[in-house]
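Enquirer: Residues per chain, in single letters:
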Amino acid sequence: MKGGVNGGVRGVLLRVFFVVALPALLVAGWWVASDDSTDVYWPPLRTILTTFPDVWTGDRWRDDVLPSVLRLSAGYACAAVAGVAIGTVIGSYRRVRAVCEPVLEFLRAVPPPVLVPVIMLFAGIGDTMKIAVIASGCVWPILLNTVEGVRAVDSVMSETARSYGITGVARLRHVVLRSASPQIFAGLRQALSIGIILMVISEMFAASNGLGFTIVQFQRGFAIPDMWTGILLLGLLGFVLSVAFRLVERRVLGWYHGLRDVSRRSS
Amino acid sequence: MNLSNVNLAKGRSMLDVRGLQKVYEGSGRRVEAVRDLTFTVEAGELVCLVGPSGCGKTTLLKCVGGLLTPTAGEVFLGGERVTGPPPGMAVVFQEYGRSLFPWMRVRENVELPLKQKKLPSARRRELVADALESVGLTDAAGAYPWQLSGGMQQRVAIARALAYEPDVLLMDEPFAAVDAQTRAELEDLVRGLWRQRGITILFVTHDIDEAVYLGERVLILSSSPTVVQEQLKVDLPAERDQLHTRVAPRFAELRTHVYEQIQAAKRGTPVDRVVKDQRLP
Ligand SMILES: Nc1ncnc2c1ncn2[C@@H]1O[C@H](COP(=O)(O)OP(=O)(O)OP(=O)(O)O)[C@@H](O)[C@H]1O
Ligand SMILES: [Mg+2]
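Just so you know, the sequences run in chain order A and B. Quick note on the working numbering: the first sequence kicks off at 1 and runs consecutively. Quick note on the working numbering: the second sequence kicks off at 1 and runs consecutively.
Honestly, the hints are just simulated from the structure, not real lab data. Please note that a few of the clues may not be correct.
Unchecked claim - Listed below are several chain B residues computed to face chain A (Cβ distance under 7 Å; list not exhaustive):
#1 F39
#2 L67
#3 R98
#4 P113
By construction, the Cβ of each residue, glycine as well, lies at the ideal position given by its N, Cα and C atoms.
All chains, full assembly: derive it from the sequences and hints.
Expert: Written as structure tokens, this is what we have:
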């Protein structure tokens, strides 16, 4: 028992070490390799880092980062709601599934960035267009995973629910969606990375603000270190979102991870 | 002890199964799981159904529970025809591991059907605590089902059924997958609860000893295609315990009788069955 506790503390330290080690090594490598670089396109990391606070001032955060994040959130939220709702309907009815499946496979195979020009035709070049682009790319993994999750609801569980009169909305809320939640979260996770990519791309096409827009502006104006700070910031944004996602997932899917650990140990 | 049963037998039965037939059809295969079952269960009675594996016990129970629509025949619960899961009935399934919701704690699993019944929360809390106490799982209320042993999970399933306060409790081989020791404990638990609460129980098993030990009456099913082979009154004392009841001479006689009946049923049907199978498309 005592050894276990010690092992616990050591284990945590080791885990932190493993998490930090590789990024630290990479940053150090970048720093050293680029330190005496005179290449305009490849500025030293030192320069990039010193430029960072000058570029990302309070105004920039408000005028570029915030709009980007808001558009991403709006598009992602629309995709999540639509994906889960439509996916639940398709997953629940065999007939609907038979009709929809080929179309879904086709639509999913279309690379989302291709949709930008198309959506621009309908939705103009404002925020609506960007949100629509993000949503239309994010919705597929969420939808398809939800379909799979809803289909896979255990027959004994659904009979149990039925025999206790748990039907309709209660069944959806307490049984179907909960049972499908591991797959839904897998879809949401894929959608998050797609969303960030589409956020940037949609802003590169036609925009007057946003992260993607700013980075392209820097590049056109040959403000290369500034451009690099933008890329760094995008990477950080992705990282923070992914960590936040994981925290939410841990909470919602705690039961699932526990269950998996138990069945893994016993098999 | 069971005078009330005798009286009720003259009146309306709690559960009335008439000419029940169930044929599964699909993908070119036609399986007649249950051919023709007729029996009744009186209010407050504990009836055991025994039959060989695959004879359609689960099918029968699902028809009684309104989860499957019979091909022919009818089921009446308290005089009302069963067309869907009736509110006064609870089912404990054979696969307990898949019947509890793994995303809910034990307490929530037991409480969910009560919420659906729209009981006020104070009453729900009372029923949940009471049911968990009856099965000796008060301490496990905050655990997830997958953190419990098989026997404990099955007890949670039983607690959920009890808290629901059903008139009729259907149990489908609830102890098939637990070890002998736990099984004996759970058998006593079910009998104890039955005597305390006066619920009507239809208990399905393929274990002859279990059927005789638990039941007031044993219905012996033939192997598929299934009919009721025999109904047997178990005239053991109401007070039963694992140590003495199982070695009583009367117990041995009864179990031998049931065993013979099941053997006879197995011998009797194969011919019939081959003829049946040849007619399949
Ligand atoms: N959904 C189904 N579709 C087709 N056939 C089925 C279906 N469910 C059961 N059967 C068939 O019906 C027969 C009876 O099955 P059932 O599960 O009712 O038996 P059982 O007596 O409960 O068996 P066990 O003791 O193994 O639980 C079997 O031959 C089985 O193959
Ligand atoms: Mg069965």
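Enquirer: If a hint holds in the structure, say so; if it doesn't, say that too.
Expert: Consistency of the hints with the structure:
no. : hint : in the structure
1   : F39  : violated (21 Å)
2   : L67  : holds (5 Å)
3   : R98  : holds (4 Å)
4   : P113 : holds (4 Å)
Hint check: a violation occurs at hint 1 only; the rest are consistent with the structure.
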